[in-house]
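Trainee: Sequences listed follow chains D and Y, in order. For the first sequence, my numbering begins at 1 and goes up steadily by one. For the second sequence, my numbering begins at 1 and goes up steadily by one.
Since the hints were made in silico from the structure, they are not lab data. Computed from a predicted structure; not experimentally measured. Any given hint could be a false lead.
Same chains, same label: a pair holds when it works inside one copy or across any pair of copies.
Straight-line alpha carbon distances no greater than 25 Å define the calculated SDA-like cross-link-like pairs of lysine to any residue that follow [said to hold, decoys possible]:
1. Lys118 x Leu202
2. Lys87 x Pro41
3. Lys87 x Glu204
4. Lys118 x Val177
5. Lys23 x Val140
Number of protein chains: 2
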Amino acid sequence: MWRRPLPDLHFLWLAYSTAVSDKRALTSVGIHDIIARRWSPRALDAEADVSETQLRALLEAARWAPSFGNTQPARYLVGVRGDDTYKRILDVLAEGNRQWAHRAGVLLLGCAVTRNDKGDVPYAEYGLGLASENLVLQAVAEGLAARQMAGFDADAARQVFDLPDGVEPLVAIAVGVRAEPEVLGTDRDVERENAPRVRVPLDEFALRDWGTPAF
Amino acid sequence: MWRRPLPDLHFLWLAYSTAVSDKRALTSVGIHDIIARRWSPRALDAEADVSETQLRALLEAARWAPSFGNTQPARYLVGVRGDDTYKRILDVLAEGNRQWAHRAGVLLLGCAVTRNDKGDVPYAEYGLGLASENLVLQAVAEGLAARQMAGFDADAARQVFDLPDGVEPLVAIAVGVRAEPEVLGTDRDVERENAPRVRVPLDEFALRDWGTPAF
Chain D
1 MWRRPLPDLH FLWLAYSTAV SDKRALTSVG IHDIIARRWS PRALDAEADV
51 SETQLRALLE AARWAPSFGN TQPARYLVGV RGDDTYKRIL DVLAEGNRQW
101 AHRAGVLLLG CAVTRNDKGD VPYAEYGLGL ASENLVLQAV AEGLAARQMA
151 GFDADAARQV FDLPDGVEPL VAIAVGVRAE PEVLGTDRDV ERENAPRVRV
201 PLDEFALRDW GTPAF
Chain Y
1 MWRRPLPDLH FLWLAYSTAV SDKRALTSVG IHDIIARRWS PRALDAEADV
51 SETQLRALLE AARWAPSFGN TQPARYLVGV RGDDTYKRIL DVLAEGNRQW
101 AHRAGVLLLG CAVTRNDKGD VPYAEYGLGL ASENLVLQAV AEGLAARQMA
151 GFDADAARQV FDLPDGVEPL VAIAVGVRAE PEVLGTDRDV ERENAPRVRV
201 PLDEFALRDW GTPAF
């Protein structure tokens, strides 16, 4: 009896604490690594660049997303640190986002084509979501991180990029290399960056009937 | 001069034709395998099951998607071949979708929570798109395939699942094991299943300014 080995609690703790500190998703069954490791940091390295090959990969991933009847409503304005598009996207961000997003190597503005020459495009917002998720997962695959933002002035964006009617700027995305949370400055920002990720439990998310868990 | 070897055209052709036959995305730079291999087949194996572990993985992947202010608007009704939820989802599909989707091992109905007890949820449709892309990519990681459908009767779905106000059924998703295109029956369906995937070119998708390619 005394020979039965105890479970290696130290190892279990190490695995758990590693998962927490890199903010890996905590799931009841394994999920793909790039999905489990994706989260949305604000702390980015103001010196590190996103290479053109990496940036192309992000946009190729988004380009090949599915869409309603292959209508492909997603488009991205692409700014690289130092160029004019980057400056214009940074300028239209909400103040709270500008404070950290100025360290991103790349700033994107995701637009939905809601009307084309065939008329209204259904599910354009949904389609931009499909494409943007591919984009942020490809960022993880590249060793980068991405954070999506709704906090920007859409009217100003329409004006500064002279967007035609039927093109809606819906999301700004900061892409870069992760940095220590301390680059964010205030204790409150560091705390928020280190906070655990939370989600509704699976039994409220996956349903057999409305209000009844599937599992 | 005559010693210079010719490029191995046979090998290039083999690589190209393999990429075409498995419908891998054709990209200017490499992208992650599960993103490159994802497409939306209709030909599914009516005998093959999706295991509970696989199904949980799909839903865990979707659950950990990002969302606006972590509002998490996505929910899924989950039907497994033979159960009541599956039958109800199949019943509300458009006839053209029912003809192939009845072979799926799993049928899902993706809903967006557009209003909760704090009021309207912004970007709920976008958020459901982010979650559903995680779900269909996890399907690829599991060796499965998924096809999203807008063709279903949303009013009937609301009624049959007794969905509360502020919950919008937006997408049905068939998940299963791929089968030969011939299971679809007609020549026209087989031809459509085998057709190459197409997308707008990168220089119309990634822009420095509206109408100006980023690369």
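Trainee: Does each hint fit the structure? Answer for all of them.
Mentor: Hints versus structure:
{"no.": "1", "hint": "Lys118 x Leu202", "verdict": "between (40 Å within a copy, 21 Å between copies)"}
{"no.": "2", "hint": "Lys87 x Pro41", "verdict": "within (21 Å within a copy, 42 Å between copies)"}
{"no.": "3", "hint": "Lys87 x Glu204", "verdict": "between (42 Å within a copy, 21 Å between copies)"}
{"no.": "4", "hint": "Lys118 x Val177", "verdict": "neither (40 Å within a copy, 35 Å between copies)"}
{"no.": "5", "hint": "Lys23 x Val140", "verdict": "both (13 Å within a copy, 23 Å between copies)"}
In the structure shown, a violation is registered for the earlier hint numbered 4 alone.
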